[in-house]
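Peer 1: Letter by letter, the chains look like this.
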Amino acid sequence: MVDISDLSLSLGGQQILSDVSLSVERGEVVGLIGPNGAGKTTLLRALTGVLTPDAGTVVVDGETVHALSSRATSRLLSVVPQETTVSFAFDVRSIVEMGRTPYRSRFSPPTADDRKLIEDALERTATDSLAERSIGTVSGGERQRVLLARTLAQDTPVIVLDEPTASLDIAHQVETLELVCDLAAEGKTVIAAIHDLDLAARYCDSLVLLADGTVLERGPPETVLTSAHLERAFDATAAITKHPVTGSTNVTTLPSDSVAFDTREGGPPRVHVVGSGGTAAGVLARLAAAGVDASLGPVTATDVAAETAAQLGVDTLTVDPFSPLERTTVDALERELAAADVTILADLRVSVGNQLLLESLADAPAPVFLETTPFTERNAAGGGARERYERLRDRARAVSDDSDSLVRTVRRVLETRPPSPPADGSRESTHASLDSIDATD
Amino acid sequence: MTRPSRIFAWSLCLTALLAGVVVASAALGSVSIDPVTVAMAILNAVVVPVGLERTGWAVPIVGWTVPVVALEFAPLFAFDVPSAHQTIVADIRLPRIALAATVGFGLAAAGTVMQGFFRNPLADPSIIGVSSGAAVGAVAVIAFPVLVPVGLRPAAFTTAVVTAFLVYAIATEGGRTPVATLLLAGVAIQAFLGAVISYMLLHSGESLREAVVWLMGHLSNSTWNDVALSLPFVLAGVVILGAYTREMNVLLLGEEDAHHLGVEVERTKLLLLALASVITAAGVAVAGVIGFVGLVVPHMMRLIVGPDHRILLPTSALAGASFLVATDTIARAGPAEVPVGIVTAALGAPFFLYLLVRREVHAL
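Protein sequence lines, in the order shown, are assigned to chains A and B. Using this note's numbering, the first residue of the first sequence is number 5, and each one after it goes up by one. Using this note's numbering, the first residue of the second sequence is number 72, and each one after it goes up by one.
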């Protein structure tokens, strides 16, 4: 339906797009993502014929856009602009009626077809109740829907949207994009620049990641939205997970100081995480984003931490739910611990079944405790378990209740690591270093 | 009410208002004539073409002598009006009133177009230097009749149109004419032409007074000949503009939106600018610089009928005609006649301020 090939464009002597090629099928919803200044809006403006490219072609439905008149182009492509200056008082119906401009001859009154399309467009976008109101008096969300209605009245095979949800509240964002997807299901082709990566992943069939005026990646959301791609395009650290409710790809941007682990000789630091639930899942996402080689376990396979680990490609030691810890599992855990530089205990829950774990963890390297809830709420194995946990906690290299600063804490622990692995009698000195970490934190 | 019937109803009302103002204006003056007599005298002056007549001139074309023919006119009505009154109304007052109506009609229409085009409430017909251009031509002819031996009106019209074209050419780059650049180029050219006019005035000697009166805008000593010079341009211009009202509406959304809705933006802009400039030039060349009509009347009508150019353009034009006929009547009704430009500004500016203070006018 839309074929962009080798498009290059410069504005004011600056190269904005270089060799952009992109082809979009009928009925597809394609999301254009990328950092500010990547060239998303410029690409859309070149696509709609507002800007003339230096090189390359845009072919829509077999027609070369830049060889067509505005009238012919506007019968192929309709546009929902990012912002419309509304310093005038047209009523909503007049604005929607303007969508019929490309089809009307100079003096003829609107035909029955025109009128039907206008009424349908008002109805589908739920703007019919606003029809007589002045466009200047409706809210930002309503105005966006009015512009969408104008697009519907224009009745073109391709719909282009520039940040259609930027000024909308969450309910209207979803409503607008649902409508856009319905239109695609009816055979319209949709190309939209979308800032919100989660919405882009949820509603687009395919994403185009633009950076520095070139297409970095193109494909289904789950292949385009990866930590590596996002770091290259946005220069940001992001954890990619599946959204628990919608099941679509979810992007969580993390504080940028969680990056920059110096890759020392011998590869990235290895961190083993013991724990479960959301806390452990958050820890894994942050570690993965920071380039740490993480492992997890033991944990039940259905735990959210295990699911997150699977998405992130983290080695996981899984156990069956409600069964006591087996010897093989303990052996595997001890192998992981032996290979690790740091151990993180993320809101570790202790039950009768897994309290043996605490024995194995007694020699864990550089234990870091992340406690967002007090241990008493996490302990189901009585006083003995509590004592062992306390002993373990005494040799902690750091204790924290803040997930966001965790990567920083791990880095400090690695930097202040004693030259030789701590011997049994080194409790005093490790405790001292814990104090120093707490003091600087 | 549907849109076509609204346009028709408003146009009818404003045409009736114009007729009323014209009759009232023709009745007023040093000799008062009762309105019924005036109306009859005006109707007596209406002529219709009834046939062709030979003019007594002939031109040789490839060996043949072809007689020149012209339309033959005959009066449509023959009401019984005293001949003195008929002369006063038809030959003295009516040409001036017709010219005022023509110029007001054109300036208000051009002002409407310019405000929409620039999406700027301050825009008026001379925003791209048309009036300054006309003034340069006119003042040159008045001040240096020996150096510039051409008619005042053709000179003013030509310099006006040339100035508009110059501003457009300066602001155009690579096939695009950004309105902001156009606006700034217009301001700069107007400032420069202002200097030229001031210099010429300084050296105009005896003709200074005549030049200043022209610059203030006046309709005294108007003849049917002036109307014949101005009316065709104004009428044709406004009729063609009428065909582009839908494009003007869409352009109000912004040029990019207009492109997306199928308007050939640059071509339409050029056409609108050219038409508005020619209409303004045709008015200014015969009547001098008459300010405020093109600014105030469109604002007033926008408050009443809304921003839709399909109704705004015809109603503004008709209201502008009434406005200028009425203000010119005031200008000549006093003990000493004043240039009409003084009256339009003296009445228009306070009214505009009143609208501003009431916050009726704040944007387009």
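To be clear, the hints were calculated from the coordinates, so they are not data collected in a lab. Treat each hint with caution, since some may be false.
As the list claims (entries may be wrong) - Quick look at which bits of chain B chain A covers, simulated, 3 or more residues with Cβ under 8 angstroms: (1) 151-162; (2) 320-326; (3) 331-343.
As the list claims (entries may be wrong) - Label-pair restraints from in silico Cβ distances: (4) B:R247 / A:I174: 56 to 62 angstroms; (5) A:D406 / B:R247: 29 to 35 angstroms; (6) A:L15 / B:I132: 55 to 61 angstroms; (7) B:R247 / A:G66: 27 to 33 angstroms; (8) B:P225 / A:G66: 51 to 57 angstroms; (9) A:H199 / B:L426: 39 to 45 angstroms.
All of these numbers come straight from a predicted model, not from anything done at the bench. Think of the CB as a built atom: it goes at the ideal place given N, C-alpha and C, for glycine as much as any other residue.
Peer 1: Work down the list of hints and note, for each, if the structure agrees.
Peer 2: Hint check results:
no.: 1; hint: 151-162; in the structure: violated (count 0)
no.: 2; hint: 320-326; in the structure: holds (count 5)
no.: 3; hint: 331-343; in the structure: holds (count 6)
no.: 4; hint: B:R247 / A:I174: 56 to 62 angstroms; in the structure: violated (39 angstroms)
no.: 5; hint: A:D406 / B:R247: 29 to 35 angstroms; in the structure: violated (54 angstroms)
no.: 6; hint: A:L15 / B:I132: 55 to 61 angstroms; in the structure: holds (58 angstroms)
no.: 7; hint: B:R247 / A:G66: 27 to 33 angstroms; in the structure: holds (28 angstroms)
no.: 8; hint: B:P225 / A:G66: 51 to 57 angstroms; in the structure: holds (53 angstroms)
no.: 9; hint: A:H199 / B:L426: 39 to 45 angstroms; in the structure: holds (41 angstroms)
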